[in-house]
Amino acid sequence: MKVEYMFDFLTAKPVLIGLHLTFAIIGIDAFLWLLGEFWADVANTKRRVWAAVIGCVGFVMTWIIGGYYYVKFYGTLVKPTILSGTAPWAHAIAMEAKEHIFLFLVPMGITAFFVAFLDQETIARLQLKRPILWLVGTIAALGLFIGALGFIISAAARWGILQS
Amino acid sequence: MNRLRLIYSSSWAASKAILFATIITIWAELNAPLKAWLKSVTGHHWTTKSWFTIGIYVVLLLLIYVLKREPGDMQVKNSIKWLIVIAILGALALFLFFTGHYLVV
Numbered sequence: 000m001k002v003e004y005m006f007d008f009l010t011a012k013p014v015l016i017g018l019h020l021t022f023a024i025i026g027i028d029a030f031l032w033l034l035g036e037f038w039a040d041v042a043n044t045k046r047r048v049w050a051a052v053i054g055c056v057g058f059v060m061t062w063i064i065g066g067y068y069y070v071k072f073y074g075t076l077v078k079p080t081i082l083s084g085t086a087p088w089a090h091a092i093a094m095e096a097k098e099h100i101f102l103f104l105v106p107m108g109i110t111a112f113f114v115a116f117l118d119q120e121t122i123a124r125l126q127l128k129r130p131i132l133w134l135v136g137t138i139a140a141l142g143l144f145i146g147a148l149g150f151i152i153s154a155a156a157r158w159g160i161l162q163s
Numbered sequence: 000m001n002r003l004r005l006i007y008s009s010s011w012a013a014s015k016a017i018l019f020a021t022i023i024t025i026w027a028e029l030n031a032p033l034k035a036w037l038k039s040v041t042g043h044h045w046t047t048k049s050w051f052t053i054g055i056y057v058v059l060l061l062l063i064y065v066l067k068r069e070p071g072d073m074q075v076k077n078s079i080k081w082l083i084v085i086a087i088l089g090a091l092a093l094f095l096f097f098t099g100h101y102l103v104v
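These protein sequence lines map, in sequence, to chains Y and S.
If you count the first sequence from 1, position 144 lands on 143 in numbering that gives the first Met the number 0, and the numbers rise without skipping.
If you count the second sequence from 1, position 54 lands on 53 in numbering that gives the first Met the number 0, and the numbers rise without skipping.
Looking at chain S on its own, in the form it has when it is part of the complex (with noise of 0.2 Å):
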């Protein structure tokens, strides 16, 4: 395996999921609907967002892996750096959404 091709997928991989679960659980707070939607798929709306995650990662790893067959040098290094910012700005995002949600409803 091309260890390379392998950190570039992986981070990008990672960089959508934790994309995903940060807008997802911004969205179900504001929208009662999706949240009871995300409840009826496996009994809990922790549990469907953590299999969406852990889904949308390995899904998209090995999309990328199969798709991106040689990446440059800089594109690893940047995969890297991304999903350093969006795990950052996720969970600052998250944690303000939380704060504010609460000081204001």
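The shape of chain Y in the complex, shown without the other chains (with noise of 0.2 Å):
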């Protein structure tokens, strides 16, 4: 029973939403986290490992999260009524160009998490720093980019029930 009810309260919309966010947030900063121990020469691999880890953990349950809340529910009950507001495009442009560009971070963070093993003697040898930087850095910034397209789509989506 107990079961139950905790089911029940970590599949509510709000919690779902919450959960989804708090996951990408966490995912972000730890790639934040990884850009700056790359730029600062780090020499502690094993600091690198862990915030590539955390990061690839953080997007990849905010894939499942968001993953299930988008086809359980944004379908049917959030899409209406953002095209019915006064912003339809944050659905045409923002939603669609979201939920594909993210298949892009897993693949990308789970190359990051192998960069992070390598040592300085060989970040060197390989000239692989500045190509390393742009890695992750790419990663962050399309994190950030998709969190800027769910702040817009959800923008869209109270101000769709404040004029419906």
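No lab work stands behind these hints, which were simulated from the structure alone.
Within a straight-line C-alpha distance of at most 20 Å, the following computed PhoX-like cross-link-like pairs (lysine-lysine) qualify:
#1 Lys67/S x Lys80/S
#2 Lys78/Y x Lys34/S
#3 Lys38/S x Lys78/Y
#4 Lys71/Y x Lys12/Y
#5 Lys128/Y x Lys80/S
#6 Lys71/Y x Lys34/S
#7 Lys12/Y x Lys78/Y
#8 Lys38/S x Lys71/Y
#9 Lys128/Y x Lys45/Y
#10 Lys67/S x Lys15/S
#11 Lys80/S x Lys15/S
Remember, it's a predicted structure, so these values are computed and weren't measured experimentally.
Two chains, two frames, some hints: make the complex.
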């Protein structure tokens, strides 16, 4: 019985959105942390690996939770509200771009996780610092861009409800 | 495990998975039967794209890792560079496509 209550709580729409956002923020922050580690040439590989693990777990969790919310509730409850509101483009552009660009992040994040294991000597020998900074920076930037699109979608849904 | 070999394999596998996600998304928007087929596989076109993208990444990662025994230093560097280029271009392509699609249709 308690397990049922727990499931009901975790699958409640506001909780799902909250968890989706929380894990997304954890993922983005972890990759920003990883970016800082590489930028400062920190020799601590262990800390880099931890940052990458936290980032990947954050993105996978936000994928599962956000995906469940999107498939189960968004199409039937949120999408019609946005489309009938003053900013239907928030679905047609922001949501469509967001849900598909997100698919890039986990394969890129796992690649950054493998990169995190490299020691400073190898990075210097192969002149990898610049491409690594670009890789991790791109992951964080795409995550932030997706976050901004998510904010637009939420705002459009709120205004859609207020005006209906 | 050889770390550079793993990075090389993962970079190319991720590049191809991103390329796939971009192409299948745009193609399915322009081709209703394809979108319907994607939906029929798992019940939602996005869920199918998610599984296919991660599936392609995992299969290619293993395949490239097995086939490419010793990637050169430049090859490792270039594989990361191409991943960055493809990810940025893929994100731009999707955003511009959906913007254009909304404005035109």
